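Undergrad: Just so you know, the sequences run in chain order B and L.
In this note's numbering, each residue carries its 1-based index in the first sequence increased by 15.
In this note's numbering, each residue carries its 1-based index in the second sequence increased by 52.
Careful: at least some of the hints might be erroneous.
Claimed, not checked - Quick list of the computed label-pair ranges, beta carbon to beta carbon:
| no. | chain 1 | residue 1 | chain 2 | residue 2 | range |
| --- | --- | --- | --- | --- | --- |
| 1 | L | S70 | B | T35 | 44 to 50 Å |
| 2 | B | V27 | L | H126 | 25 to 31 Å |
| 3 | L | S72 | B | G92 | 19 to 25 Å |
| 4 | L | G81 | B | E45 | 35 to 41 Å |
| 5 | B | V126 | L | G81 | 39 to 45 Å |
| 6 | L | R113 | B | V65 | 22 to 28 Å |
| 7 | L | A129 | B | T35 | 43 to 49 Å |
| 8 | L | I162 | B | R122 | 44 to 50 Å |
| 9 | L | P132 | B | K24 | 22 to 28 Å |
| 10 | L | T119 | B | Q119 | 19 to 25 Å |
| 11 | L | T128 | B | F25 | 33 to 39 Å |
| 12 | B | F25 | L | A62 | 37 to 43 Å |
| 13 | B | S82 | L | S72 | 19 to 25 Å |
Bear in mind the hints are in silico, worked out from the structure with no lab data behind them.
As the structure is a prediction and not an experimental result, all values here were calculated from the model.
C-beta: ideal position from N, C-alpha, C; glycine also.
Listed here are the chains, written in short residue letters.
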Amino acid sequence: NAGVTQTPKFRVLKTGQSMTLLCAQDMNHEYMYWYRQDPGMGLRLIHYSVGEGTTAKGEVPDGYNVSRLKKQNFLLGLESAAPSQTSVYFCASRPSRKEAFFGQGTRLTVV
Amino acid sequence: EDQVTQSPEALRLQEGESSSLNCSYTVSGLRGLFWYRQDPGKGPEFLFTLYSAGEEKEKERLKATLTKKESFLHITAPKPEDSATYLCAVQGYSGGGADGLTFGKGTHLIIQP
């Protein structure tokens with residue numbers, strides 16, 4: 016049982032480049048989330064999904080897009096990366112009204 | 053808007069020295085309060101969920117309690133392996149909002165041998 020798997024684990028981008036972060040969960044959870052974690056800021060919600068085919072904005076959505084074409088996958092895209100998007104990104108999933116399970120994170124540096 | 057404040061930001065204890073971490077929160081109706089542990093370079097690991105005031109949960113040396121305004125994570129006779137950042141999060145009935153968890157900034161706990 017892999018739980019929540021994020022790929023890649025590390026990435027360095029140049030300003031203006033694009034990339035997609037993949038989150039996969041094998042627990043058949045309805046809800047999936049993307050957070051970013053920055054020093055002194057805690058975890059902040061970027062986008063979330065309450066089921067296949069649905070997405071919604073969280074606290075800090077600007078500069079990011081998401082898609083949930085399959086229930087088990089939640090993709091986070093950066094169309095034109097900026098240094099302010101340097102962060103550690105965490106994906107999480109959960110069944111309704113239960114605790115969330117987190118992936119191991121993706122450390123992204125934008126230079 | 054849901055808010056979570058954790059204190060202290062950092063805490064250094066001697067092995068065996070018991071203490072408590074605080075999580076103060078404001079929500080528009082509490083659906084759940086969650087405690088997580090995060091080790092360096094890892095994702096948060098679930099510890100407890102509390103749903104209503106007066107509820108308590110225990111796991112090994114950890115005990116979480118909940119009131120209407122705050123939660124405490126009590127650590128009894130800690131060991132060095134308890135060193136980590138402890139995160140508190142709430143889910144409220146924010147209606148049309150994120151439906152995700154609102155996290156505090158965490159308490160960085162160091163247990164010295």
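Undergrad: Work down the list of hints and note, for each, if the structure agrees.
TA: So, going through the hints one by one against the coordinates:
1. S70(L) / T35(B): 44 to 50 Å: Given about 46 Å between the Cβ atoms, the range holds.
2. V27(B) / H126(L): 25 to 31 Å: violated (42 Å)
3. S72(L) / G92(B): 19 to 25 Å: violated (42 Å)
4. G81(L) / E45(B): 35 to 41 Å: Taking Cβ atoms as reference, G81(L) and E45(B) lie about 21 Å apart, which means the hint is violated.
5. V126(B) / G81(L): 39 to 45 Å: holds (44 Å)
6. R113(L) / V65(B): 22 to 28 Å: For V65(B) against R113(L), whose Cβ atoms are near 36 Å apart, the range 22 to 28 Å is violated.
7. A129(L) / T35(B): 43 to 49 Å: holds (46 Å)
8. I162(L) / R122(B): 44 to 50 Å: violated (23 Å)
9. P132(L) / K24(B): 22 to 28 Å: Cβ of P132(L) to Cβ of K24(B): about 27 Å, so the range 22 to 28 Å holds.
10. T119(L) / Q119(B): 19 to 25 Å: Check failed, 33 Å falls outside 19 to 25 Å.
11. T128(L) / F25(B): 33 to 39 Å: holds (37 Å)
12. F25(B) / A62(L): 37 to 43 Å: This hint is violated: roughly 27 Å between Cβ atoms.
13. S82(B) / S72(L): 19 to 25 Å: Violated, since S82(B) and S72(L) (Cβ atoms, about 43 Å apart) do not stay within the stated range.
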